[in-house]
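Between the sequences and the hints, there should be enough to build the whole structure, so can you do that?
These protein sequence lines map, in sequence, to chains H and U.
Going by my numbering, the residue at position 260 of the first sequence is 260; the numbering climbs one at a time, nothing skipped.
For my numbering, count along the second sequence from 1 and bump the result up by 1000.
Everything labelled a hint here was simulated from the structure, so no lab data went into it.
Remember, predicted model here, so these are calculated numbers, not experimental data.
Note that beta-carbon positions come from the ideal geometry of N, C-alpha and C, so glycine has one too.
From the structure, some residues in chain U lie toward chain H, with a derived Cβ separation under 7 Å: (1) Pro1236; (2) Ile1283; (3) Arg1295.
Lysine-lysine pairs mimicking DSS-like chemistry, simulated, CA-CA at most 30 Å apart: (4) Lys1115(U) <-> Lys1060(U); (5) Lys1050(U) <-> Lys1288(U); (6) Lys1046(U) <-> Lys179(H); (7) Lys1142(U) <-> Lys147(H); (8) Lys1179(U) <-> Lys288(H); (9) Lys1288(U) <-> Lys179(H); (10) Lys1184(U) <-> Lys179(H); (11) Lys179(H) <-> Lys1020(U); (12) Lys44(H) <-> Lys59(H); (13) Lys1020(U) <-> Lys1044(U); (14) Lys50(H) <-> Lys60(H); (15) Lys147(H) <-> Lys1147(U); (16) Lys1147(U) <-> Lys1115(U); (17) Lys1048(U) <-> Lys1331(U); (18) Lys115(H) <-> Lys147(H); (19) Lys1179(U) <-> Lys20(H); (20) Lys288(H) <-> Lys1184(U); (21) Lys1179(U) <-> Lys184(H); (22) Lys1020(U) <-> Lys1120(U); (23) Lys288(H) <-> Lys115(H); (24) Lys1020(U) <-> Lys1288(U); (25) Lys120(H) <-> Lys331(H); (26) Lys1331(U) <-> Lys1142(U); (27) Lys46(H) <-> Lys1179(U); (28) Lys1179(U) <-> Lys179(H); (29) Lys142(H) <-> Lys1147(U); (30) Lys1020(U) <-> Lys1046(U); (31) Lys1331(U) <-> Lys1060(U); (32) Lys184(H) <-> Lys1288(U); (33) Lys48(H) <-> Lys331(H); (34) Lys1043(U) <-> Lys1020(U); (35) Lys20(H) <-> Lys48(H).
Number of protein chains: 2
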Amino acid sequence: MGCNLAIAGVTGAVGQEFLKILEARDFPFDSLKMLASSRSAGKKIKFKGKEYIVEELTKKSFGRVDVALFSAGAARSREFAPAAVEGGTVVVDNSSAFRTDPDVPLVIPEINPQKIAENKGIIANPNCSTIIGIVPVWPLHKANPVKRMVVSTYQAASGAGTSAMLELEEQTREILDGKEPTCKAFPYQIAFNVFSHNSALGPNGYNQEEMKMVNETRKIFDCADIAITCTCIRIPVFRAHCESINLEFSEAITPDQVRDLLGTAPGVSVLDDRENNRFPMPIDASGKDDILVGRIRQDESVPENRGINIWVAGDQLRKGAALNAVQIAEKLL
Amino acid sequence: MGCNLAIAGVTGAVGQEFLKILEARDFPFDSLKMLASSRSAGKKIKFKGKEYIVEELTKKSFGRVDVALFSAGAARSREFAPAAVEGGTVVVDNSSAFRTDPDVPLVIPEINPQKIAENKGIIANPNCSTIIGIVPVWPLHKANPVKRMVVSTYQAASGAGTSAMLELEEQTREILDGKEPTCKAFPYQIAFNVFSHNSALGPNGYNQEEMKMVNETRKIFDCADIAITCTCIRIPVFRAHCESINLEFSEAITPDQVRDLLGTAPGVSVLDDRENNRFPMPIDASGKDDILVGRIRQDESVPENRGINIWVAGDQLRKGAALNAVQIAEKLL
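Shown next as structure tokens:
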């Protein structure tokens, strides 16, 4: 049972990851359209032994397309997704354009797959930091509702696209050669440096990335009153995000209970080897599907043993973006 | 009013920083002994236009020495500091050897300078992450006692010494050249990667670095019941630590109050430019004396406006180690 598939933004970092994941998972399709901006139109991309020519993404790109995976930025999603939907295409959108729209399901298949059926043509893929952070929190929350989360992120360059990953490499070379680093993709030096996430700040002083984690988690958990505060930071790593997550539960909970719950949770691997001081690292998570979880500890600063600290790492391009969208598309079929 | 000064561990990263700071602050001394392990004995070091020969650190190194700055590791402090004290030397020790000893003052001059006078020959310099984290928390705590702190660190290679800083550079070159990175100073790859702090884990799953922050903060604040939980992480940065600090206060507090309190606090600079998304970075803090503080936000996940998030950056070798010790020595004179 195949489908007519399109990828909008196929030449970007997430677009390229879509192709790898579709191939690895042997995603069933009858036809595949590769779409990107006019700048990339005409490029040739090999996929499963066949050569495809990238076409310009327009409102007319979606005739006969059943499912379109969008990762071309929020502005392009806003411009082109409605036209696709009008023609009968279901859009799985990786941008932030529709995530908070009450008519659009925001889906992580391990958490709320039932929402997929409620779609009116668009299903939104959550922000990468949200996915990586809450896939492992969900099985804990189901067993013992989380009252409050304090999150600090360690975010890879890939979240800002291919140009940002190249900039990390180029700046690193420049600095090792004793030159001034060139900043284009990022506002500040990323090589051998970290900075507060480069998304716009709201009036409360939180940046968009932080507020996405707060608002998306509430929507995905269907829990408006979960208390969440985030600090989002860019670090000089290529493609896996880490997060330090402090959790306050409703009832007492032990690290062993957390390990047991996560040991059987879909999409999660526990890597919590205290004896060898061996815990999740970005290089472990890169190219992997699962979110890795370690540093599972009782937080003794929360009374009644209701506090737990965890440390997670996940591939920003895979589960943080392309994989989650492909999983949604698989459930659609 | 000079003194006879000695530096134990002068060839290390902190030892070299001692020299820079003593020169920059025109620290008054009549004589200076440069001490290190036998491996470094005989090396020549120029300081203030004069050439010094590094002598081997032994129990007999301290005759006539008034003040000794130690940064040669905890084992050497345990072995040699008592002999120095016996001969009348006051030791300012940068290692963890004596920090939790109830007879040894643990001092940050901006916080508890009065403890210096209580010394019985040894004054301990706190751990770098502790100093960088709590210098800006103290003025807030004095105004409105902190009930709970949740800290996640972003720690530079320098905390593990010169060899670790070189390893970050070497591994980075290896990876850019397509080679496997060589791990010697650190157990895991540090270039383009992060890992949980490489200090030993206790039975509660916290590493020593995390427990230092908990126990040292309580001792320095003279506040046994402040609730603190930490997650300490190494990142690929050379010499400045950052920390994401979530604070729960006893009473309501606003970001403006925090900015006002920190604006006049010694050893602290506020860099909190929301309009330009410009906040403290390791490259800002490197080589600077002050701890930089930004991302000052109300934490809306704490009831009654009692929550605040801050983001700090401080030079691990300066205020995190050498500068704090020299400031203690200045107050001793």
